[in-house]
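Enquirer: Taken in order, these protein sequences are the chains called A and B.
The first sequence begins at 1 in this note's numbering and counts up by one.
The second sequence begins at 396 in this note's numbering and counts up by one.
Fair warning: there could be bad hints in the mix.
What the hints assert, rightly or not - Under 7 Å between C-beta atoms, here's a sample of chain B residues computed to sit facing chain A:
1. Phe711
2. Lys715
3. Lys772
4. Leu777
5. Asn779
6. Asn781
Just so you know, these hints were derived from the structure itself, not from any lab.
For every residue, glycine included, the Cβ atom is placed at its ideal position computed from N, Cα and C.
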Amino acid sequence: MAAPCVFCGAAASYRLFLGGRVSLSRKQGVWKAAAAELQTGTGFQILRLRHTTGVTTKKNIAALRHEAYTVDFIKKQIEEFNIGKRHLANMMGEDPETFTQEDIDRAIAYLFPSGLFEKQARPIMKHPEQIFPKQRAIQWGEDGRPFHFLFYTGKQSYYSLMHEAYGKLLEAEKHQNQLQAKGLFSEKTKTKDLIGSRWLIKEELEEMLVEKLSDQDYAQFIRLLERLLTLHCGAKEEFVQRFRRSITVQSKKQLIEALQYDEQGTAFSTSEGKRKSAKAEAVVYEHGSGKININGIDYLLYFPVTQDREQLMFPFHFLDRLGKHDATCTVSGGGRSSQAGAIRLALARALCSFITEEEVEWMRQAGLLTADPRVRERKKPGQEGARRKFTWKKR
Amino acid sequence: MLKRMTRLVSGARQLDPGRLLHGGPQAPQSLAAHPDNQVPDGSPRAVSCTSEGDPARHGEQHEARHYCIPLQDLRTTFPHGLPPRFGMQVRTFNEACLMVRRPALELLRYLKNTNFAHPAVRYVLYGEKGTGKTLSLCHVIHFCAKQDWLILHIPDAHLWVKNCRDLLQSTYNKQRFDQPVEASSWLKNFKTANERFLSQIKVQEKYVWNKRESTEKGRPLGEVVEQGLTRVRNATDAVGIVLKELKSQSRLGAFRLLVAVDGVNALWGRTTLKREDKSPVAPEELALVHSVRKMVRNDWHGGAIVLTLSQTGSLFKPRKAYLPQELLGKEGFDALDPFIPILVSNYSPKEFESCIQYYLENSWLQHEKAHTEEGKKELLFLSNANPGQLERLCAYL
């Protein structure tokens, strides 16, 4: 920290100054006070120069670092943002009072249409808190004394958080002991709160505290929170919930097609699948004997290679419904293997309509419902292929 | 997936050596139906095999069962050899077991009821690739051999229209070409198959081979064959003579003639052979093809003609073609025109089950899931009950 050094230096020079003054005045009492003053003044300045050269440069760097986003600057930005928001609302003809961030995003996308692929490179207008990184305010006052009592630990927010958490732990234990003493202690399970949420990761905690942490610090903190959770106490819930983030369950996003019924009353379901450049559409009938027709041709003749037929077999075999469904597919594009993959995806998606949600989740975890994102990589100039370079000749 | 795997594992543990489970309940039924079975109770072989070795007695009750051909019969009946994959299976299992299937049973019924006074009927076996046309033909040939017919078996006509090294200009007819190698090998096999007839049948004309050699009228046919074998240059002509003689003498009734040609669509397609000036050779310009074409015409009586279409060795035909019209072309179809088509299709569920049982009994399927129902369903799906595909799949298991 450069700031303390300034004052240390100043204090040292002050002390030196005092010492210098006294000694000089003792030695040269003949001189006039002005001359002595001048000498000690120059001496002071010289001393000052000697001691403060390094300090001034450090102070400049520190000042630059902090002055980039001072509190006033951020406040000014926030005001400008709010005024700009109201102008924007007026421009779009909407009510400035109820203009939300989503409305802002839509308005900016409308006013500044951008064809850039990278979403983060497009024009944005957000609250300054989201744009400017969080900074630590100056931690010490004018007299040089830090505000926080844990300042000299180096990681004041982290240790204060640990202190707070431990304090809550002690309170909870005391409360529990009191209940046990009174005999009102009852076992309650609180595990259901934990499902669907996860602890903060280290990066998120660092962002919250605006401080660098080490892995051991993070682990220690999580252990403390878990220990706090084991003591069942309702008052601590909000404290702990601050450090948990919810995770969305993936499978809820799965689209399940509706069943359709044809003239005879048999249920069937249609869906599509893609792989590389092959597109396939499959119609799976509920009752059948395991026959599959592709573009009007039997699958044995369409795919003479066993590997492709194994790909078709995978969804049915996984759900244990090998001889129970009939399927008719159409496929175009791609090669032999990508057509097989596309049909496999289409069949799996079509089968979702006939099975339970749990089985859909199993299929998703097995990777049957995910479209394969791999496509052919483009050839780059200066290379022979996508990755292969030209033969390297030494001369 | 883990749950599925545990389910499969627990299923496997509950199963005993799976054969008995499958063989047990079905065995007593089969014993009741066939008193001629000498297989003891509860043996799994009763399910997929039958001990009825004579094709003449094969009937509906033997459908989907395998029957054994004794190995010494193999050498006399099939000197050309069986289809290569089946030959490998025979060598592995040390026994030749053919499945009795519906198309073959149909053909056998027709053959049993042929009227030898009428012109020879042509039967054409057709079907998708790998469904069992060639093996059905072998079944029929075995039947005829047991019935003491004279068998004229061309194992694969496609071999005569491609990959021929030496084409000689025919001595008999300047426009045609001889194929000495193919002709002589065929003559050798013909001799092995029909040893006993060669001395009985007498030649009805005099044939002059060259300045020094000739065959007199009334000599046994064996001499013509010998001549073809020793003088390789005349082998093709010898073949032509044999065919002509057999055709003319079959109506006399001394013997019954079976003409069995596999891959008959080769006779009317294109060839890959070229003359010295690189111009292509048409099939009719090959003497062997010419003589077989004459044989396959139904202007003789006293026998039957059984033909098989095959896409596998065919030239310039698309992979998915299997109908007679597509494979024979217009010319061939017209030449064969009044024929009885017999469709050979994939295995029925019963036949499929029987085939799997046969493999299991011979310990050919070593995979632990092969015994289970799920394993069988997988095999059924992957092969779609196609015999050829199933055989190729099981080779890995």
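Enquirer: With reference to the structure, classify each hint as holding or not holding.
Expert: We went through each hint and held it up to the structure:
About 19 Å separates the beta-carbon of phenylalanine 711 of chain B from the nearest beta-carbon of chain A, more than 7 Å, and the hint is not met. The interface hint given for lysine 715 of chain B holds, since its Cβ lies 6 Å from the closest Cβ of chain A, which is under the 7 Å cut-off. Interface restraint check for lysine 772 of chain B: the shortest CB-CB distance to chain A comes to about 4 Å, inside 7 Å, so the restraint holds. The closest approach between the C-beta of leucine 777 of chain B and any C-beta of chain A is roughly 5 Å, which is under the 7 Å cut-off, so the hint is satisfied.
Checking asparagine 779 of chain B against chain A: minimum C-beta separation of about 4 Å stays under 7 Å; hint holds. Interface hint status for asparagine 781 of chain B: upheld, as the beta-carbon distance to the closest one in chain A is roughly 6 Å, under 7 Å.
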